[in-house]
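Build out the structure end to end from the sequences listed, making use of the hints.
For reference, the chains in residue letters:
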Amino acid sequence: EAQVTQNPRYLITVTGKKLTVTCSQNMNHEYMSWYRQDPGLGLRQIYYSMNVEVTDKGDVPEGYKVSRKEKRNFPLILESPSPNQTSLYFCASRPKSSYNSPLHFGNGTRLTVT
Amino acid sequence: QKEVEQNSGPLSVPEGAIASLNCTYSDRGSQSFFWYRQYSGKSPELIMFIYSNGDKEDGRFTAQLNKASQYVSLLIRDSQPSDSATYLCAWTGTASKLTFGTGTRLQVTL
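So the sequences go chain by chain: S and X.
Oh and the first sequence: position 56 is 56 in this note's numbering, straight run, nothing missing.
Oh and the second sequence: position 108 is 108 in this note's numbering, straight run, nothing missing.
The set of hints was computed from the structure by calculation and includes no laboratory data.
Ideal placement from N, C-alpha and C gives every residue a C-beta, glycine not left out.
Treat each hint with caution, since some may be false.
What the hints assert, rightly or not - Listed below are the simulated DSSO-like cross-link pairs for lysine-lysine, each with C-alpha atoms no more than 30 Å apart in a straight line:
(1) 67/X <-> 57/S
(2) 18/S <-> 42/X
(3) 97/X <-> 96/S
(4) 57/S <-> 96/S
(5) 65/S <-> 42/X
(6) 96/S <-> 42/X
(7) 42/X <-> 17/S
(8) 57/S <-> 17/S
(9) 97/X <-> 65/S
(10) 71/S <-> 42/X
(11) 56/X <-> 96/S
(12) 67/X <-> 96/S
(13) 97/X <-> 57/S
(14) 69/S <-> 97/X
(15) 42/X <-> 69/S
(16) 65/S <-> 96/S
(17) 97/X <-> 56/X
(18) 57/S <-> 71/S
(19) 97/X <-> 42/X
Said to hold, decoys possible - Listed next, with one range per pair, are the computed distances between beta-carbon atoms:
(20) 27/S <-> 59/X: 18 to 28 Å
(21) 77/S <-> 66/X: 37 to 47 Å
(22) 58/X <-> 2/S: 17 to 27 Å
(23) 13/S <-> 60/X: 38 to 48 Å
(24) 18/S <-> 12/X: 38 to 48 Å
(25) 17/S <-> 18/X: 49 to 59 Å
(26) 41/X <-> 14/S: 16 to 26 Å
(27) 17/S <-> 16/X: 50 to 60 Å
(28) 40/X <-> 82/S: 17 to 27 Å
Claimed, not checked - To give a feel for the contact side, a few chain X residues facing chain S, derived at Cβ under 8 Å:
(29) 46
(30) 88
(31) 98
(32) 101
This is the structure we're talking about:
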């Protein structure tokens with residue numbers, strides 16, 4: 001089954017404790033992206049990657065890191081999480097080539113930083 | 001000015017009625033437009049995309065695009081309680097970014 005898999009689904013952590021949210025897709029998509037969703041603010045792009053070893057900042061990259069060592073994986077790293085990073089996070093992917101290709105979303109990771 | 005504007009709602013329509021959801025955007029370079037549906041706590045799922053002026057129909061859904069007026073809309077005919085969700089419009093102007101509106105919450109009442 002074609003899918004984007006995020007783990008974990010729920011995560012509660014404390015300020016300053018490094019964490020990684022994993023994202024993996026099995027559709028051979030070049031493009032992958034991370035979004036966070038907050039009430040009243042909608043989905044905002046954190047980072048995106050057009051292909052292996054190519055990453056770039058989205059609208060709200062501060063406090064986040066990403067890497068793209070393999071085509072299928074795009075982990076999101078919070079080196080020192082803070083309470084304002086409490087949010088619902090989505091990973092998404094699509095083929096690079098077409099504007100019209102829809103994004104395929106993972107099931108989301110609800111992160112709480114205390 | 002926000003890049004994509006949507007009325008947050010809630011928009012309440014009775015079962016069987018037509019729900020009309022609207023979205024305006026600011027960038028005339030926008031290429032393609034998408035409507036996603038999102039149930040509470042779930043991931044967005046694509047309903048339709050449109051990139052040419054005019055109407056595009058798929059079952060009970062019709063997307064309408066007017067590039068001159070910079071708006072895109074979604075009509076849902078014969079609304080059902082299962083259509084109750086938040087509807088996100090999104091546009092893409094470059095290959096790197098899909099910009100989302102904040103969403104309109106739709107409630108279909110019995």
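Hints, one by one, checked against the model:
1. 67/X <-> 57/S: 28 Å, holds
2. 18/S <-> 42/X: 26 Å, holds
3. 97/X <-> 96/S: 11 Å, holds
4. 57/S <-> 96/S: 17 Å, holds
5. 65/S <-> 42/X: 24 Å, holds
6. 96/S <-> 42/X: 25 Å, holds
7. 42/X <-> 17/S: Holds, at roughly 27 Å.
8. 57/S <-> 17/S: Roughly 23 Å between the alpha carbons, so the hint for residue 57/S and residue 17/S holds.
9. 97/X <-> 65/S: Satisfied, since the Cα-Cα distance of roughly 18 Å is no more than 30 Å.
10. 71/S <-> 42/X: At roughly 25 Å apart (the allowed maximum being 30 Å), residue 42/X and residue 71/S satisfy the hint.
11. 56/X <-> 96/S: Holds, because 24 Å separates the two Cα atoms, which is no more than 30 Å.
12. 67/X <-> 96/S: Roughly 24 Å separates the two Cα atoms, so the pair holds.
13. 97/X <-> 57/S: 10 Å, holds
14. 69/S <-> 97/X: Roughly 21 Å separates the two Cα atoms, so the pair holds.
15. 42/X <-> 69/S: 28 Å, holds
16. 65/S <-> 96/S: Between residue 65/S and residue 96/S the Cα gap is close to 21 Å, so the pair holds against 30 Å.
17. 97/X <-> 56/X: Since the Cα atoms of residue 97/X and residue 56/X sit roughly 23 Å apart, the hinted pair holds (cutoff 30 Å).
18. 57/S <-> 71/S: Distance ~18 Å between residue 57/S and residue 71/S Cα, so the pair holds.
19. 97/X <-> 42/X: Holds - the C-alpha atoms of residue 42/X and residue 97/X are around 21 Å apart, at most 30 Å.
20. 27/S <-> 59/X: 18 to 28 Å: 25 Å, holds
21. 77/S <-> 66/X: 37 to 47 Å: Holds, since residue 77/S and residue 66/X (Cβ atoms, about 42 Å apart) stay within the stated range.
22. 58/X <-> 2/S: 17 to 27 Å: Roughly 20 Å apart at Cβ, these two residues keep to the hinted range, so it holds.
23. 13/S <-> 60/X: 38 to 48 Å: 43 Å, holds
24. 18/S <-> 12/X: 38 to 48 Å: 45 Å, holds
25. 17/S <-> 18/X: 49 to 59 Å: 50 Å, holds
26. 41/X <-> 14/S: 16 to 26 Å: The hinted range 16 to 26 Å holds for residue 41/X and residue 14/S, with Cβ atoms some 24 Å apart.
27. 17/S <-> 16/X: 50 to 60 Å: Given a distance of about 51 Å, which is inside 50 to 60 Å, the answer is holds.
28. 40/X <-> 82/S: 17 to 27 Å: Cβ of residue 40/X to Cβ of residue 82/S: about 26 Å, so the range 17 to 27 Å holds.
29. 46: 4 Å, holds
30. 88: 7 Å, holds
31. 98: 6 Å, holds
32. 101: 6 Å, holds
Hint compliance for this structure: every hint is met.
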